[in-house]
Amino acid sequence: MIRFNLNGRWIESSEIDPNCTILKYLRTNLKQVDVKEGCAAGDCGACTLMLGEMTEHGIEYRTINSCIALMAQVHNRYLLTPSGIGRPGNLHPAQQAMIDTHGSQCGFCTPGFIMSMANLYQNACINETQALTDAEIHAALSGNLCRCTGYRPIIDAAKQMAELPRVDVRDISARSGVQAFDPAAADTAEALQEKDGHRLFMPYTEAQLQALLKAYPDARLWAGGTDIGLEVTQRFSQFDTIICVNRIPELAQCLAAGQDMGDQLWLGAGVTFSQAETALADSFPSFAQLLHRIGSRQIRNMGTLGGNIANASPIGDTPPVFLALAATLEIDGIQGRREVPLKDFYLGYKQTVMQPGEYLRAIRISPLGAGESLTTYKISKRYDDDISAVMFALYLNVQDGLITEARLACGGMAATPLLAAKTNAALTGKPFTLETFTAAAACIEQDYQPLSDVRASDRYRLQVTRNLLTKAFIELSQKGEAA
Amino acid sequence: MSFTSSKVTPWEQRRQRPAKGKSGKELAHESAEKHVLGTAVYIDDMPEVDGTLHAVVGKSTIPCGEITRLDLSGVWASPGVVDVITVKDIPGDIDISPAFTGDLILADGRVEFIGQALFAVVAETFDQAKRAVNAAVVEYKEEEAILDVKEALKRDSFVNPTHTMTEGDVEAALQSAPLSVSGEMYVRGQEQFYLETQISYALPGEDGSVKVFSSTQHPSEVQKLVAEVLDVPVNYVQVEVRRMGGGFGGKETQAAQWSALAAVFATRLNRPVKMRLDRQDDMVLTGKRHDFLNRFKIGFNEEGVILGADIELASFCGYSADLSDAITDRAMFHVDNAYNLHDCRVIGHRCRTNTVSNTAFRGFGGPQGMILAECMLDDIARAVGKDPLDVRKLNYYQEGEHTHYGQPIEDYYLPELIATLEKNCDYRQRRADIAEFNKTSQWKKRGLALTPVRFGISFTTTFLNQAGALIHIYTDGSIHLNHGGTEMGQGLYTKVAQVVANEFAVDIDMVRVSATTTDKVPNTSATAASSGSDLNGKAAQNACITLKKRLVDFAVDYFKVSADDVRFENNHIVVTGSDGKEDWVSFAEFVNLAYVNRVSLSTTGFYKTPDIHYDPKAERGKPFLYYAFGATCAEVEIDTLTGEYKILRADILHDVGQSLNPAIDIGQVEGAFVQGTGWLTSEELLWDDRGRLASASAATYKIPTSVDIPQVFNVELFNRPAAADTIYHSKAVGEPPLMHGIAVFCALRDAVASVADYKVSPQLDTPATPERILNAVMACQGTAE
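From first to last, the protein sequence lines are chains A and B.
Note that my numbering has the first sequence beginning at 8, numbered continuously upward.
Note that my numbering has the second sequence beginning at 334, numbered continuously upward.
For reference, chain A alone in the conformation it holds in the complex:
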């Protein structure tokens, strides 16, 4: 049975297919049509909703793409839609500002923008007096496509909404009371949803997950769902058995070096991109900057580091970075726990060493010391909310002007994310000079034989990767980090 709060009203149902998305359930079953379908793939943001979760600080909200999220995601949580946060004549500040700036034309994308803006308002405006920065606004809106306005009035609306009288949407969610929920009381061996031969399980601890994997080793693991969600909404596939792995607190932890895990940073596989943006901001600024450009705010609120690694896409953005950082993976499951260096994890296109009944538990990386640097570049047709043509990640250790260790890894260049073995060898042991980088760039073609596809040609991929080595040298030199 799924139980959730929609605009302040609690709803329960035992009749929801586990494969049913939030968008579909709202529009088709509840006739809640203020949320729109633009692409059904998490790319346009027309379906954006605010998803609230009870925490020690009260209900905290984040935006999600409801088109690719399963109804299980809202279980015991709070959903807000555009017509829930405002009424005619009594609009939410985001809504009022949008009218005042003439920010809607055809209006189809508008509800999604309103949700992104209202979420930003809730998190950044209700207790703050400082104006929102352009960067905050763009980060909130980059996953919402508008084809009519050219965005200027919408950005203005986001700036103006903070000046309007305060509204706290928690009051709306709590209208008919908040309901306590004790995960420990849940019988997770039972399916949370079961319909037409499809089942969904929701473990709250690793032990429960392991028990379920023993019983259902072939179950589909669902973390953020930003990739496999498309199998449901684009290919119209249906999974028989789904295990949600995104409610397990142990897997959503970021432990800094020195916190339990010795000298390494421990990132749970269930850590979302949004959480990682914060967790890595200080220790790996280049990585955090890259994370700002993965998908959109909605996608980063859903997608996980573990999912990005385990789905073994050749164009995932974080695997090259983790390869450059020589990450170690912790894998657990019915065979027991094991550790695998990421460089040994991928076997081929969409293939990994993981066996049925196993799950990815955590990623471990070492912090950067003196002389060590990480440089990342993402090349895509569009700056935000796009998939890489080339993902470039370079780790360097430069001591006294000499490169002692170099690890370049790229995405989009081979059937898997891949280290550039020959290039790395050509860099290692050489002086940190432009000549070294230029010479090493000549090895790129030996390391990679990329394909031509809709994102870029093979020639461009090779050329830009060579040039990015030059760019990395220039920027590192300018920063003086490795000189």
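No lab work stands behind these hints, which were simulated from the structure alone.
Glycine included, each C-beta is placed from N, C-alpha and C at the ideal position.
Just so you know, not all the hints are guaranteed correct.
Unchecked claim - Residues from chain B that keep clear of chain A, each with C-beta distances beyond 12 Å, as calculated:
hint: 1; residue: T342
hint: 2; residue: S364
hint: 3; residue: D378
hint: 4; residue: R464
hint: 5; residue: K474
hint: 6; residue: P494
hint: 7; residue: I680
hint: 8; residue: Q775
hint: 9; residue: F892
hint: 10; residue: V932
hint: 11; residue: T937
hint: 12; residue: P995
hint: 13; residue: E1003
hint: 14; residue: F1046
What the hints assert, rightly or not - Not everything, but these chain B residues come out facing chain A in the computed CB check (under 7 Å):
hint: 15; residue: V369
hint: 16; residue: I418
hint: 17; residue: D422
hint: 18; residue: A1027
Using the hints, position chain B against chain A.
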């Protein structure tokens, strides 16, 4: 009048001030509050009638060939399936072409592109229908396909005959010209990417009639085509659209197929049928902006003055004519943009290919012609070593000249507009600053361009320039407005309502707009060619004039005054008596008085654009009532190592005549600029070598996001009343500003040219993706592979 709605402010208060929301004032979109609440109803949001079924089509997987086997037994057997049809089940005409022939509702024995609809299925749910189509077994005898423009040209494969416009003696002009450049430019198409995908909802009626809710820019055409497909008279079909979630031309002709299929099922089964294309189907099944292969040779003197031009355009039409003939013509009309090409020849080929039939998209061929003009001017500037803006100035049309299709140049204040922008945006200083920046910056280079827009307004098919409106005034003074124009976000309903409020001098809240529907205003033209407010605004005004005359005549009779003594002001009718005393009667009271005295309070209005003509055989005439003008200065920065770039600044000055609603007009200008910029930068329509659309999803086709707009973005209206007798001397605004995006492209090319010290004019096709920019940079550096 015992009850007055609380929505209506008291008349006494209204008397004290001018009427609100009149034409010419900023006013929010009539649906703005509903937009932000998500309560504006799009067709998929309408409450579904019990028993509604959902239709999906099965698609071809080869680009060209004969269907040798179409086994649908698996489809019939799929869960939830209620009915399956092929072309044989169509009761009437299977051809749904808007102007010519060849657009088929379902494939008839052969397929002409990958994705062509082969059959259609209805099921209890949308998902069931989507799964069911996969169970079809289809076999083909494949034939060689023509997949691109060059191949079509080689094989003389055209959907319509080639047109040629000729002015003077081009051969002689090019021979005697001291200098010339020639070249070739491939301009890619563009996906409309309206946020609301195509959708129709058909409800069966009595006697085989049907009511179709269709997300279409052209309800009358949908009505006619549905009737033909059903083999019923046109009066058996009603088509209605309250609003679209974007159209951009993509719903001008291409909504008909889905409406007709839904109507066929609805009448066969006597059940309501919804046909919604999901994004992946919409991208594959519907046409886009045409790619163009443009070739040119242009002759000029040492100063950079154009002496003659030989231009050949070839459009990528897809498998059928659709609107390609008029689109290619419009490209031909706009290859001059702001400049006199003097002796010239403009050839336009309409290439037939085994791809989806391309269709209207904001600009309708104009952008693909205009970008060639601007790139040629840049080429000339680099050839003679001058600032491109100076070369442009040498070549502006002068009053009294005429275009290569014979239209006289009148009211040509574009040079003045450009000069204003040049000064306001500090062009000269910034040009100098950029030259300095580029000297010292090794990897990052900046570019600048100031390009004009001159866009012809009117349907070039003259008879389409007509419109109708219907106005009722009810006894409480509230006004019901209906017209043939459709609302797709452009604010047409708002603007026309403002016209009506203006005419009666009543507050805008007295005017309620209603869904466009074929049984209120018949035989309408598409809401297209930027003509919406020009045509429907005038038609509504004419209806108002008729009603006002009736009301004034009544007042003259009733109050025993002359017509000059009656006026509409501040929500009242003011009657000046012979003693000079004014009698103020509220609009509501007066209208009711007219009603009880048996005055008709309902009328239609009609408008046809005067003074336009075009002879398609001679390729001469005056196809446009007037031109809309504008200019943009754009500044960009490129990374010469990766080809990535940013738009640092854009300054736009645009001419909408005397604006009907400045807020809406600014919105149109900004939105069009960003859409035009997307067309020329990140939006890359790609087909693979089999003819399959490779960029067929939002994941692979990238329209701009909020961070892609210029970091500094200044947009202003050039407020000068239009000389033509348009509605309140405004000008059309839908399409023209799209071509402001060309400034960004020219600025990118300028930045690339800086790598070779502006001595080379870089070869750059569109869109200017990072890959194309890097290739162009390397070509300029002489380092290309």
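Each hint tested on the structure:
1. Residue placement check: B/T342 keeps its beta carbon more than 12 Å from all beta carbons of chain A (closest about 15 Å).
2. With a cut of 12 Å on Cβ distances, B/S364 falls inside the contact zone with chain A, its closest approach being about 6 Å.
3. Not every CB of chain A is more than 12 Å from the CB of B/D378 (nearest about 4 Å), against its label as outside the interface.
4. Annotated as non-interface, B/R464 brings its C-beta within 12 Å of a C-beta of chain A; the closest such distance is 5 Å.
5. The beta carbon of B/K474 sits about 29 Å from the closest Cβ of chain A, which is more than 12 Å, so the claim that it is off the interface holds.
6. Chain A leaves B/P494 outside its interface by the beta-carbon criterion, the shortest separation being 34 Å against a cut-off of 12 Å.
7. Every CB of chain A is more than 12 Å from the CB of B/I680 (nearest about 31 Å), matching its label as outside the interface.
8. For B/Q775, the non-interface assignment is contradicted: its Cβ lies about 8 Å from the closest Cβ of chain A, within the 12 Å cut-off.
9. The Cβ of B/F892 lies farther than 12 Å from every Cβ of chain A, with a closest approach of about 40 Å, so its non-interface assignment holds.
10. Taking the minimum C-beta to C-beta distance to chain A, about 35 Å, the non-interface status of B/V932 holds against the 12 Å cut.
11. With 12 Å as the threshold on Cβ separation, the claim that B/T937 sits away from chain A holds: the shortest Cβ distance comes to roughly 28 Å.
12. Look at B/P995: its CB is around 10 Å from the nearest CB on chain A, not clear of 12 Å, so calling it non-interface is violated.
13. Remark: the non-interface label on B/E1003 conflicts with the geometry, its nearest Cβ contact in chain A lying 4 Å away (cut-off 12 Å).
14. For B/F1046, the shortest C-beta to C-beta distance to chain A comes to about 6 Å, within the 12 Å cut-off, and the non-interface label is violated.
15. Restraint check, B/V369 versus chain A: the minimum CB separation of about 4 Å is within 7 Å; hint holds.
16. The interface hint given for B/I418 is violated, since its Cβ lies 21 Å from the closest Cβ of chain A, which is over the 7 Å cut-off.
17. Among the interface hints, the one on B/D422 is violated; its C-beta lies about 25 Å from the nearest C-beta in chain A, farther than the 7 Å criterion.
18. About 4 Å separates the beta-carbon of B/A1027 from the nearest beta-carbon of chain A, less than 7 Å, and the hint is met.
Consistency with the previously given hints fails for numbers 2, 3, 4, 8, 12, 13, 14, 16, 17, ordered from lowest to highest.
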